[in-house]
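Visitor: Sequences listed follow chains A and B, in order. Take the first sequence: its letters are residues 1 to 392, numbered as in the working numbering. Take the second sequence: its letters are residues 1 to 290, numbered as in the working numbering.
I should point out that these hints are in silico values taken from the structure, not numbers from a laboratory. Keep in mind that a hint or two might mislead.
Said to hold, decoys possible - So the derived list for chain A, only partly shown, Cβ under 10 angstroms to chain B, looks like this:
| hint | residue |
| --- | --- |
| 1 | Pro-184 |
| 2 | Ala-275 |
| 3 | Pro-277 |
To be verified - Computed list of chain B residues with no C-beta within reach of chain A, every gap over 12 angstroms:
| hint | residue |
| --- | --- |
| 4 | Ala-59 |
| 5 | Leu-63 |
| 6 | Thr-172 |
| 7 | Gln-174 |
| 8 | Arg-178 |
| 9 | Met-180 |
| 10 | Leu-274 |
In this text, a Cβ means the ideal position worked out from N, Cα and C, and glycines have one as well.
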Amino acid sequence: MRATPRLLGVAAAAVAVLSLVACGSNLSSGSNGDNRSNADGPVVLGVLVDQTAYLKTVDQGVLKGINAAVKAINDQGGVLGGRQLQVVSGDMAADPQKQVQAFQRIMGTDKPALFVNGFSSAGNAAVAPLAKSQHVPMVVASVVPQQDAEWIFSTITPVRYETGTRVEYLQHDGITKVGILYDPTPYNKQQLQVISDQLKAAGIDIAGAEQHASDAVDLRPQVSKLLGAGAQAIIKLSSGPTQIVAAKALADAGSRAPLLIGIESRANIVQASAAYPHVLVVASPLQVNAVLKEADRSQSVKSFTDTNPAEQDPTYVGRGWDAVFLAAAALEKAGSTDGQALRDALESMDSYAGTSGAYDYTASDHYGITSNPDYLAKITETSVDIVFTPKR
Amino acid sequence: MINTLAIGLSLGCVYGFVAVGFALIYRTTGVMNFGQGAFVMLGGMGAGYAGQEWGLPLAVSALIGVCFAVIGGLVLVLTVVLPLWKRGAGDLITMLGTLLFLVASENLVLNLMGSDPRPVPPIPPHFTLSAAGLRIDSQSLWIVAAAVVVSAGLGAFIAKTPTGVAMRAVATDQNVARLMGVNPARIAVVVFAAAALIGGIGGVLVAPLQFAAWNAAHLYNIKGFVAAVVGGVLDVRTAFLGGLVVGVAEAFILTYASSSYLDVILLGFLLLLLLLRPGGLFGRAVAVKY
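Chain A with its partners taken away, still in its complex shape (with noise of 0.2 angstroms):
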């Protein structure tokens, strides 16, 4: 009996261990040591991205177009004449703290020259100050955090044009009053904050703004409390799974009012839209590809699309595709790896047409993307139709 503690000290260690390793980082393909300064070696991009929490879906998709864009480029020969681009990804599990750890063991090993990350608002606001203060740019799939923003640049659609699609559409189809879900997330909060002054700026009444967490499993009291409220749509804010849930909610209280979701995943549009068929989403161009017109597709999107054929859900995949390509447009700019001259490089090169629209950063924006190029859209497991189409 006297070797149970130390069994129980041995075990206690065993998973200090393993939780370490777990949280560790991926080398794609090796490194090591400062690569910034290594003329020759390889250019490493760090990836924060979750890989096994709430948002791995959207991630995941992020990390496939970060490699296929990566592949593509190293086949072309690379960057800043002949030298190869690497990937050296930390999983950040959805957890702001955890993102700062992984940013942190990304520097201290591999000292990459840009980040290209994830789609956690919450987690890129966290290592925000920390890319300021160690002088790395990065470009992610989040908005752009409103402190210590001067070294972060989105691939996301800005703000207003996620909402104001759907607000749009909302006065297009006469509908006076609505309702809002969203979820505690800076994204999320930032989009309320547009979206209520764009109803308003309508003439479009706010029935309700019901706050829900990121991994609510039933939804049915707040969309009832807003039906109840006299709301004739709900606009949904949040993303992930809970697209399912409020769709279901909407089902179980016999509404027809239509759910208007943001950009999503194809698994939880199609599994929304099974469940209550009155789902319309806002779509990037790639997800309604296959039914645009020719005049309507860009080169970027043929691009994407004729080196990624089998891809079945873009968005995101689009987003990390573009990210590496305004990384490696940077990187030629700079005409090398200092993180200060690719962050002026990001803000002063020419317009890059992406798959999720044409990016052209200044020193006063960060996202690039100034006119609205997505639609509104219902999707279902066997078919795309363009419902509305903004104004431009």
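Add chain B to chain A, keeping to what the hints say.
Guide: Coordinates of chain B only, in the frame set by chain A:
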């Protein structure tokens, strides 16, 4: 208001289902099993995965989901609980072991079945009862019926049968129970398998109303645990009632108070109730093993 009550009761049945599993294991083995939510998740994800990936009909995929949960229960008791007992680990260490099982099972399901939520169809015929503005989904009726039958049946089984007495003896004192001819290990295996079975059935029944996802285990766990404590963790029937209290309170807070401060208000309210009734609303005055 009646609609809010109906939603709350439906939510409460889900929490009650998990709470029954908590109470069953605690009442009969003295282990606070924080892996209970994993059984619900395994049931839902197993059924959803089998239906979606293998194209199996609901009855078969549901059976597979329940089997996943039971296997999970057996893995937990045989590889975590019993070895810890054998080495004389205390209640706290055993509880930690069950919590680690929950985390491990979520991670395993994430990597084996993917991060996408899995759809589970409702039990046919699917219909909605509608009267005077009140709507009740047929799946909710299945959940209520199953929860009532399970909690009442288990309560009677534990209170009235020789096996139930043996279970309680193990919970009171394993050494004394052993002297009385009861094998605590065997009882533990039976109890964990039964609790996993209940959790698995709950997961299959709940998924059509919500969804099955790898990360839902801890949510069910938290609300189910709170429900069990609020109702009284020493009795499966009162634990189920605790689920109803938590579910109804949640629905009313969301509808008439604030969705932003749901957890603060809900847990504050429940804490207040427990200060007034420390043994649980419907339980005994002193929350100790016996």
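Visitor: At 12 angstroms, judged by beta carbons, does Leu-274 of chain B keep clear of chain A as stated?
Guide: 23 angstroms, holds
Visitor: Can we trust that Leu-63 of chain B is non-interface, i.e. its beta-carbon lies farther than 12 angstroms from all of chain A?
Guide: 23 angstroms, holds
Visitor: Grab the minimum C-beta distance from Ala-275 of chain A to chain B and call the hint holds if it beats 10 angstroms, violated otherwise.
Guide: 8 angstroms, holds
Visitor: Is it the case that Gln-174 of chain B keeps its Cβ farther than 12 angstroms from each residue Cβ in chain A?
Guide: Fine: 15 angstroms to the nearest Cβ keeps Gln-174 of chain B off the interface.
Visitor: Just checking, Arg-178 of chain B versus chain A, shortest CB gap more than 12 angstroms?
Guide: 17 angstroms, holds
Visitor: Determine whether the non-interface label on Met-180 of chain B survives the test: each CB of chain A must be over 12 angstroms from its CB.
Guide: Met-180 of chain B clear of chain A: closest Cβ-Cβ about 24 angstroms, beyond 12 angstroms.
Visitor: A closest beta-carbon separation below 10 angstroms is what the hint needs, so does Pro-277 of chain A meet it against chain B?
Guide: Since chain B brings no Cβ nearer than about 15 angstroms to Pro-277 of chain A, farther than 10 angstroms, the hint is violated.
Visitor: Verify the interface restraint on Pro-184 of chain A: the C-beta must sit less than 10 angstroms from at least one C-beta of chain B.
Guide: This interface hint holds because 8 angstroms falls under the 10 angstroms limit.
Visitor: According to the definition I'm using, a residue is off the interface if its beta carbon is farther than 12 angstroms from all beta carbons of the partner; does Ala-59 of chain B meet that for chain A?
Guide: Holds, since 20 angstroms exceeds 12 angstroms.
Visitor: Decide, holds or violated, for the assertion that all CB atoms of chain A are farther than 12 angstroms from the CB of Thr-172 of chain B.
Guide: 23 angstroms, holds
In the structure shown, a violation is registered for the earlier hint numbered 3 alone.
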